[in-house]
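K.L.:
Residue numbers (our numbering), protein chains in the order written: chain A, 24 to 214; chain B, 789 to 1178; chain C, 38 to 691.
These are computed hints drawn from the structure, not numbers from a lab.
Any given hint could turn out to be false.
Simulated pairs of lysine-lysine, DSS-like, Cα-Cα distance not exceeding 25 angstroms [unchecked claim]: (1) Lys53/A <-> Lys791/B; (2) Lys841/B <-> Lys983/B; (3) Lys790/B <-> Lys53/A; (4) Lys53/A <-> Lys111/A.
Estimated spans, in silico, between C-beta atoms of each pair [claimed, not checked]: (5) Leu203/C <-> Lys977/B: 40 to 50 angstroms; (6) Ala597/C <-> Arg1143/B: 47 to 57 angstroms; (7) Glu1010/B <-> Thr585/C: 54 to 64 angstroms; (8) Arg66/A <-> Gly1109/B: 20 to 30 angstroms; (9) Arg66/A <-> Ser844/B: 25 to 35 angstroms; (10) Ala831/B <-> Thr108/C: 19 to 29 angstroms; (11) Glu876/B <-> Thr591/C: 54 to 64 angstroms; (12) Gly658/C <-> Glu876/B: 41 to 51 angstroms; (13) Gly126/A <-> Trp901/B: 22 to 32 angstroms; (14) Thr591/C <-> Trp901/B: 32 to 42 angstroms; (15) Trp901/B <-> Arg66/A: 18 to 28 angstroms; (16) Asp592/C <-> Glu876/B: 52 to 62 angstroms.
Now the stretches of chain A that chain B is said to cover, found in silico as 3 or more residues with beta-carbon under 8 angstroms [said to hold, decoys possible]: (17) 25–36; (18) 78–92.
Yeah, the Cβ is synthetic: ideal placement off N, Cα and C, and Gly gets one too.
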Amino acid sequence: MRELRIHGRGGQGAVVASKLLAAALFREGKSVQAFPAFGVERRGAPVTAFLRLSDGPILLRCEVTHPDDLIVLDPTLVQAVDVTAGLKPGGSILICSERDPAGYPELAARFRVATVDAGDIAQRHGLGSRTQPIVNTAILGAFAAFSGLVSLESICAAIAEDVSYRTEANIAAAREAAAAVKSLNGEALHA
Amino acid sequence: MKKVIVGNHAVSWGVQLARAEVISAYPITPQTQIVEELSEMCADGRLPARFIKVESEHSAMAACIGASVAGVRTFTATSSQGLLLMHEMLHYAAGGRLPVVMADINRAVAPGWNIWTDQNDSLSQRDTGWIQLYCENNQEVLDTTVQSFKLAEAVDLPVMLVLDAFYLSHTSEPVDIPDQADVDTFLPKREARLKLDVNDPRAFGALSPPDMYMELRLRQQEAMEQALEVFDAVEAEWGERFGRRYGAIEPYRTEDAEIVLVTSGTVTSTARYVVDERRARGEKVGLVKIKMFRPFPTARLRRALAGIPRVAVLDRNLSPGRSGIFAEELRAALYDLEPARRPGLDGYVIGLGGRDVTPDTIGECLDRSRAALAAGRAPEREDLWVGVKP
Amino acid sequence: MPDDRPIAGPARGVSPAAASTTPGGRPVAGTVQGAPRAAVQATPVERPIADTVHGVPPVAVSTTTTLVNRTGSWKYIRPVYQDKVAPCNQGCPVGIDIEGYMNLLREGRTQEAIELLLRENPLPAVTGRVCYHPCEDGCNRRGFDDAVAIHAVERVLGDLALASPLPPPAPRTWPETVAVVGSGPAGLACAYHLARLGYGVTVYESELEPGGVLRYGIPEYRLPKQVLARELERIRALGVSFRCGVQVGGELPWSALAEHHAVFLATGVHRSRPLGVPGEELPGVRAGLDLLSEVNHGLRPELGRCVVVVGGGNTAMDCARTAVRLGAEVTVLYRRSRAEMPANEEEVFEALREGVHFEFLAAPVEVMGEERRPEEEALEAIRASFDEEDARRSALRLAGLRCTRMALGEPDASGRRRPVPIPGSEFLVPADTVLCAVGEEADADALPEGLPRDGGAVAVDALGSTGLPTFFAGGDLVDQPHTVAYAIGSGKRAALGIDRWLRIRAGELGDGTDLAELRYGPAGNVSMTRWRGDDPVQRVAPLNEVVTPERINTDHFRHAERHADRQHPLEQALGGFDEVNQGLAPEEALAESRRCFNCGVCNACELCLIFCHDIAIRRRGDGRFEIDYEYCKGCGVCSAECPRGAMAMTREGL
């Protein structure tokens, strides 16, 4: 079983990202379980969502405390909250950021780090506003390329089925982000 | 068709498949998604039901009662404070022998204000005369929703299906959604045995003096007793058609077990994980899941637990001044066993107000019961709190 | 409480036999008038409850039908259906069943709505445009959001009527003929109704074309001539004949009318009241009515650049807006303040929109001719700013109007505060033309001798009779507001009066007509339909009482915005005499009819039936309701919930 945590801010689509990723993984025959951090959400406040995936049934019904992978939808969260809390040693972090992975030396020393400027991509595809682009679909494309856990095609198919607003733009953003994700030292990508 | 959906929407899909005819509800976290989805289904024609907006949960249940007396299939959903506000009407639905189906999202009761899960809201409605069914995963939620209508209408009693806040209500997982045609065969349109009829007007809920009230209650009790067998039949038919059965209670790896956990709701899932782990290490542990709380499957639980040395009941609830409520019910149920076959019973209070119940929490319960068993000790207290700050 | 007994279960035994103690047959009272009383309900079928165990049914349900419990015996007051009068109907000077046509329109019965309207009003396309709609003043909707735009709905129906085929000639029922003198709204109304009542009617008109004030007084931008022409076609089609270009009392003596059995006088008022100030005889001073007549004859007189209109009534507004269209800069001089202006508020609003300047609390002192220029220097300054038109302009003979400021003193006989001049406050308003619009009066010389008078007006009784045998009168000749609607109403009353008088004279009718019964409400105008006794709208036990706002249960209505008339854009309006108000589209009129509360008249909304918790109200085959008093226990909920005051509670047994 593998566990994932998504960090975002209220309104960026972290919860939807977790659901879309679950749907995409389910298409590939995985057992999945996705849920938000239970509580009250407010626009702009830090939020988290979780995902479990497994080849067999998933029995655990408690919170995820030691994730294998992280997705961070907003670069400002890296400073604002302890995003790596509980992250397993050698775990992966995908950050939505203008910086290269080398721009996060402290993280890169302990974890596998990749970045993608999903904000710019989302904005160019007309997703969200200039001050608050909605990056969730774009970053899932990047996650597919970076993690290899799920194919880009499954991500796009999940978007096509479950995102009714600006579906084509969301798919295009995911595809562009898959090609734009940058890993440290040219680590192999799966796209 | 398989879809990844949240537990709340599994309820909505179930209600749509059951072709409920009148839905009346008032929104409350964490139930809102259920009625949000249902109102959209009604609005866009997927579900040709009458959606009655009301100003409170009390009115929601009252509307369902009125519609149900008129002979149609009715549904509502609520949670916590909303369920408590309904309390008076819950008696009315049950006493009126009306097959209303309701989903309750288990949410702790205020104060302190809390939107997270525990079972005190539904369990405090224990004596209203509703059948109560607790679910473990989203698939079970959808299946139980449809089954509830069949059960309710067969015995003329209301059914409350219960699911944990967030751990089910807001958690997405794959659910197999049956075909409408198959469900239609399983659950035809409601045929009320007794309903409002303008050509034969009668007073429903009429004055019932001392010389008949008791008999009415006796009939209600007999219907409750019937409900267990009817539930089995409903599940058997569902299982034949759709290949899934859950059982009023479900023993899991209890063969030769020395300690058996008794669970309900989503804690069951995590407990299965712990049981599997311990079994892999050679520990003789198992669990019994209680799905049906009312009517209480007393005889079955006796059979399942007779001769087990130690039973550890995990209660995500509390009857203040006494103990966990499932533990309390079990103590009473097991009392009639001959002393040699009567298990020792540890009642653990865990996970109140949404506190996470992890494998470690359950492991600690098991370890404490094992130690007590090894020492031949009776429980220190009837309420053993696990996972609390010192 | 004889019926307060438990009804659950046979143990206490309200046996079905109890029902037989009540006499057979189900008397059903309280039915609405009209259709036959159908049996409400068959004898109830009592089915035993099969599922009885431990001696009880599965739930607390009565083991016998609740019909044995005849709750009707509890009541000491009873509800009745009782239609009343809507305030709009009472407020209409024409006496139109407004509520009635609103309801028909709402139900999609547009043609019937038009016919109901035409029963009372011969000129709906005219009144829909020019009537100042006092009906809307009393509209009960006013206290809820905004009055129903009745005038706009009437206009749409009126226009639809004009687009319909002309009616066949009215059957001639009576041998008598009637002369109508004057073809303004009063004359036309009287002629129309008399023709429909079966009389021969000839209308005499001194102008070359009929219409009176509708043709020569009201400007075309308010009432297009085309609309009037088509309304007249319908009146002609009924068989009314017109003799135009004939001055009765002039070239044709009154005695020439002796061939007719009755005469209706509706010659109107034409003589402008004088200003009563020096200089009034100067050539640039004109009667406002004359200007309106000239323009309506197609002339476009030169008024110069500065026009002053003296007066604050509707004629003043017509003069001002007409002068604006002739290119003048217009000032209206009124001696009181805006609040006291008799002109209709909408007219004042339109005048302001069109750029008319108002001088309130100002009165003329003297009209200044050019040869008498005390403010020579001031005028020179003005003149210096003139363009090349200066030469043409200097041919005009007025310099201006010397005015004084006024203050409001004690109330006068009319109840309005009397304006008094403020000493030393005089000022000059430049004027090339001064238009007098301070009132009109009848030309007494043109009327038959011996007519009883009441001040300046012809004295008449409630049905237009002058007391001088054969002579009836109406319109502006008699003492009533000088509006088109009042004129039409007086014409209708006189038609009714003439019919009644002729029938009494012929010995075919007694003298016992109760006029109060013919009115919509105690103060309303008479209903021709009631006089004829052939109301196509079913009324339930009608009471001639007007529904007050307190009787409306507004809980059952939703707020809905009033549909405002569409107005021509300003630049287009000022470009000529095109109609300014474009009215509503038919679907908007329909929406307005849905805003109507239908005050006092059951429109089968079913709320009584829905709210009756004894299910004692039923809908009959004809769509009306009946109350089963065997079960109605007189709680009054139906009457309280009735949204429109069409029910009442009455004492039982009275």
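K.L.:
Against each hint, give a clear statement of whether it holds in the structure.
P.N.:
Okay, the hints, checked on the actual structure:
no.: 1; hint: Lys53/A <-> Lys791/B; result: 13 angstroms, holds
no.: 2; hint: Lys841/B <-> Lys983/B; result: 23 angstroms, holds
no.: 3; hint: Lys790/B <-> Lys53/A; result: 13 angstroms, holds
no.: 4; hint: Lys53/A <-> Lys111/A; result: 22 angstroms, holds
no.: 5; hint: Leu203/C <-> Lys977/B: 40 to 50 angstroms; result: 59 angstroms, violated
no.: 6; hint: Ala597/C <-> Arg1143/B: 47 to 57 angstroms; result: 53 angstroms, holds
no.: 7; hint: Glu1010/B <-> Thr585/C: 54 to 64 angstroms; result: 60 angstroms, holds
no.: 8; hint: Arg66/A <-> Gly1109/B: 20 to 30 angstroms; result: 43 angstroms, violated
no.: 9; hint: Arg66/A <-> Ser844/B: 25 to 35 angstroms; result: 29 angstroms, holds
no.: 10; hint: Ala831/B <-> Thr108/C: 19 to 29 angstroms; result: 41 angstroms, violated
no.: 11; hint: Glu876/B <-> Thr591/C: 54 to 64 angstroms; result: 32 angstroms, violated
no.: 12; hint: Gly658/C <-> Glu876/B: 41 to 51 angstroms; result: 42 angstroms, holds
no.: 13; hint: Gly126/A <-> Trp901/B: 22 to 32 angstroms; result: 42 angstroms, violated
no.: 14; hint: Thr591/C <-> Trp901/B: 32 to 42 angstroms; result: 39 angstroms, holds
no.: 15; hint: Trp901/B <-> Arg66/A: 18 to 28 angstroms; result: 21 angstroms, holds
no.: 16; hint: Asp592/C <-> Glu876/B: 52 to 62 angstroms; result: 26 angstroms, violated
no.: 17; hint: 25–36; result: violated (count 0)
no.: 18; hint: 78–92; result: holds (count 7)
The structure fails to meet hints 5, 8, 10, 11, 13, 16, 17 from the earlier list, while all remaining hints are met.
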